[in-house]
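Q: Each chain, letter by letter, is given below.
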Amino acid sequence: MNTEVLEIFRQAVEDPGKEVREWKEKKGGKVVGFLLTDVPEELIHAAGFFPFGICGGTVRMDQVEAHLQFWSCSYVRNSLALALDGKLDFLDGLVIPHTCDTTRMLMGIWKHVRPLPFMDSFRLPRQVGRPSAKQYVVGELRRIKDRLDDFRGTEITDEELSQSFKLYNSNRNLLRKLFNLHEQNPASISNKDLYTVVKASMVIEREKLNMLLSELVSVLAENAGTPNDKTKIFISGTFLEPLDLLNYIDESGGAIVGDDLKNGFRYIESDVAEAGDPLEALAERQLKRIPSASYDIPENLRRHFLVKTAQQKGVQGVILLHVKYCEPENYDYYDNIQALEKAGIPALRIETEFGDTSLGQLSTRVQAFMEMVGGE
Amino acid sequence: MITAGLDVGNKFVKVVILKDGEVAARGHSYSGFDQKKAAEDALSQALIIAGLIREDISYISATGAGKAEVTFANGTVTEVGAAARGVIRIFPEVRIVVDVGAEESRVLKIDEKGKVIDFAISDKCAAGTGSFLEAMSRTLEIPLEEMGPLSLEAAKSLPMNAQCAVFAESEVISLIHMNTSKPEIARSIHDAMASRISSMVRRVGLQKEMGMIGGVAKNPGFVRALERDLEVTILLPESHPDFVSALGAAIAAAEKIS
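Heads up: the protein sequence lines correspond to chains A and B, in order.
Residue 1 is where the first sequence starts when you use the working numbering, and the numbers rise one by one after that.
Residue 377 is where the second sequence starts when you use the working numbering, and the numbers rise one by one after that.
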């Protein structure tokens with residue numbers, strides 16, 4: 001499937017800074033970047049700023065070596081490398097979700113080497129199941145909103161918040177339609193294109209995104225559906241990277257029917273309630289997101305979620321995608337693999353990195369796994 | 377029916393021509409920079425031996441790290457799929473296959489039909505592969521093919537902690553400085569390498585019916601080290617363990633046209 005609108009998304013991923021630079025030049029507005037994706041983007045948007053998702057890219061890594069060792073999270077290293085190399089020079093602000101030790105420490109380094117007018121951490125609770133969690137997150141959201149109010153000079157109004165919620169919900173609704181189309185009829189959009197659109201959605205102006213997504217969904221929905229006879233795959237991990245990995249799944253006749261990735265379905269799975277207290281609504285969404293490695297609930301809901309979703313969707317194999325060297329993800333691995341094994345669901349663990357990864361060895365594994373679970 | 381299987385490895389290209397289910401000829405060449413040319417050379421060599429011409433072959437299947445380079449092949453088969461097919465042909469009883477090549481090592485669990493049930497593949501690292509042995513043979517100034525037999529002369533092994541081929545080389549140099557005998561160093565090298573492969577075997581699940589293929593299966597020192605570590609007897613092909621995946625690819629080619 002090759003439509004003009006799909007090409008716009010592909011180009012946005014190719015050069016993530018292009019759109020935002022043009023926006024800034026034309027509108028003279030401010031850009032607030034964020035690390036993926038447990039951040040209240042709606043607050044940034046309601047303040048009139050451009051929320052820009054830092055999605056990784058090809059960059060020289062020599063400068064970052066001075067600040068973060070090679071065994072630190074590859075996403076965090078890559079993000080800081082982009083900043084050090086001037087590839088994020090359009091940023092006026094940065095919000096880092098505190099999802100692990102590395103993201104917690106990164107703020108200090110970033111403030112030191114590339115200070116920006118607005119910098120804040122979104123401090124998330126680990127124990128998202130506790131009754132106190134919601135109260136805590138509402139407080140944290142209020143703190144960030146107050147800081148954004150100060151940075152803008154005027155208070156973000158309820159009306160502005162409501163507009164942003166509506167727009168983001170609409171974006172997410174369209175993206176969910178896309179996932180649904182792909183699941184029902186994988187021939188309509190390839191795995192790689194689907195996740196390219198999700199990635200692009202973090203770097204395109206939200207109003208424009210709505211138009212582009214509406215067009216894409218209507219173009220794809222027109223094509224007569226062929227039933228999904230592909231090998232059904234679930235991807236579990238922190239980030240989907242590199243996108244080229246999906247070529248191997250596409251070529252091996254696989255269709256991804258679910259994920260728990262920060263830059264995948266987990267990003268758009270749920271909406272913010274448009275009625276009631278806006279900060280409570282934001283907190284509610286954050287706490288009820290698909291379980292991730294950053295959450296640490298004694299019952300470890302994630303493994304149950306994996307098994308349940310895989311069974312419901314008739315998944316034939318789960319790919320556990322670990323971005324080097326994500327500690328929370330690695331700690332979750334044992335529970336996840338045990339639960340999958342017990343349920344008789346085959347799983348493959350692969351490690352990837354942000355930036356230029358050599359894909360040769362990954363291809364051997366993914367092709368072999370696809371052959372194993374797909375049957376001949 | 378005549379088919380060909382091409383295994384384009386990191387170091388060598390191996391070709392098997394299969395005629396009515398029997399191996400008619402083998403060919404091999406250095407992979408080098410131009411893998412497509414290397415594949416053509418190896419195939420021509422096998423054709424000459426078999427007394428055939430290219431047009432006699434109904435289907436060519438390619439496998440191995442460079443399989444995509446072989447644009448003249450009719451199709452490709454995954455490395456794991458090719459190995460499984462080859463193994464089940466030569467030893468139907470084998471359930472765990474250890475395949476150690478020049479740059480990659482793999483462990484496969486297969487069922488009685490040769491279907492892959494599970495597998496493990498080494499990480500981006502040379503320490504459990506043939507290249508590691510080759511580098512160590514240079515350090516010890518011993519021809520590669522003598523490394524294995526020499527290691528069998530040693531009575532004891534010394535622990536090597538390095539997980540990386542580069543650091544392992546400096547450990548070997550320390551052993552040389554400590555006047556450790558060459559057989560003992562050779563054995564330590566094989567033991568260290570075997571321990572990496574055994575951890576992959578354990579991950580997939582150890583079973584008694586184990587076989588080994590790939591170029592390193594020609595090294596008796598390594599096979600013995602792995603047997604000691606896992607406390608099993610490893611079945612080896614009677615000859616040409618490095619051609620088993622090419623054989624598997626030729627079998628996959630035959631499946632395509634039958």
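In case anyone wonders, no lab produced these hints; they're calculated from the structure.
Glycine included, each C-beta is placed from N, C-alpha and C at the ideal position.
Heads up, some of the hints might be wrong.
These stretches of chain B come out as covered by chain A in the derived footprint (C-beta under 8 Å, 3 or more residues) [what the hints assert, rightly or not]:
no.	segment
1	454-463
2	485-497
Simulated DEER-style distance windows between Cβ atoms [said to hold, decoys possible]:
no.	chain 1	residue 1	chain 2	residue 2	range
3	A	Ser-270	B	Leu-582	29 to 37 Å
4	B	Ile-493	A	Ile-297	51 to 59 Å
5	A	Lys-26	B	Glu-631	53 to 61 Å
6	A	Gly-253	B	Ala-531	33 to 41 Å
7	B	Glu-469	A	Gly-253	28 to 36 Å
8	A	Leu-301	B	Arg-578	25 to 33 Å
9	A	Asn-247	B	Thr-556	22 to 30 Å
Q: Now look at each hint and say whether the structure bears it out.
A: For each hint, the structure was consulted:
Counting residues of the segment 454-463 of chain B whose CB falls under 8 Å from any CB of chain A gives 4; the rule of at least 3 is met. Closer than 8 Å: that is the beta-carbon criterion, and the segment 485-497 of chain B has 6 residues meeting it against chain A, so the requirement of 3 holds. For the pair Ser-270 (chain A) and Leu-582 (chain B), the supplied restraint of 29 to 37 Å is violated, since their beta-carbon distance comes to about 44 Å. Between Ile-493 (chain B) and Ile-297 (chain A) the CB atoms are about 33 Å apart, so this pair departs from the stated range of 51 to 59 Å.
The beta-carbon spacing between Lys-26 (chain A) and Glu-631 (chain B), approximately 60 Å, falls within the hinted interval of 53 to 61 Å. At about 54 Å, the beta-carbon gap between Gly-253 (chain A) and Ala-531 (chain B) misses the expected band of 33 to 41 Å. Distance hint check for Glu-469 (chain B) and Gly-253 (chain A): the Cβ-Cβ separation is about 32 Å, which falls inside the suggested range of 28 to 36 Å. A hinted range of 25 to 33 Å for the beta carbons of Leu-301 (chain A) and Arg-578 (chain B) is consistent with their spacing of about 30 Å.
In this structure, Asn-247 (chain A) and Thr-556 (chain B) break the distance hint of 22 to 30 Å, their C-beta atoms being roughly 48 Å apart.
Violation of the numbered hints given earlier is confined to hints 3, 4, 6 and 9; the remaining hints are satisfied by the structure.
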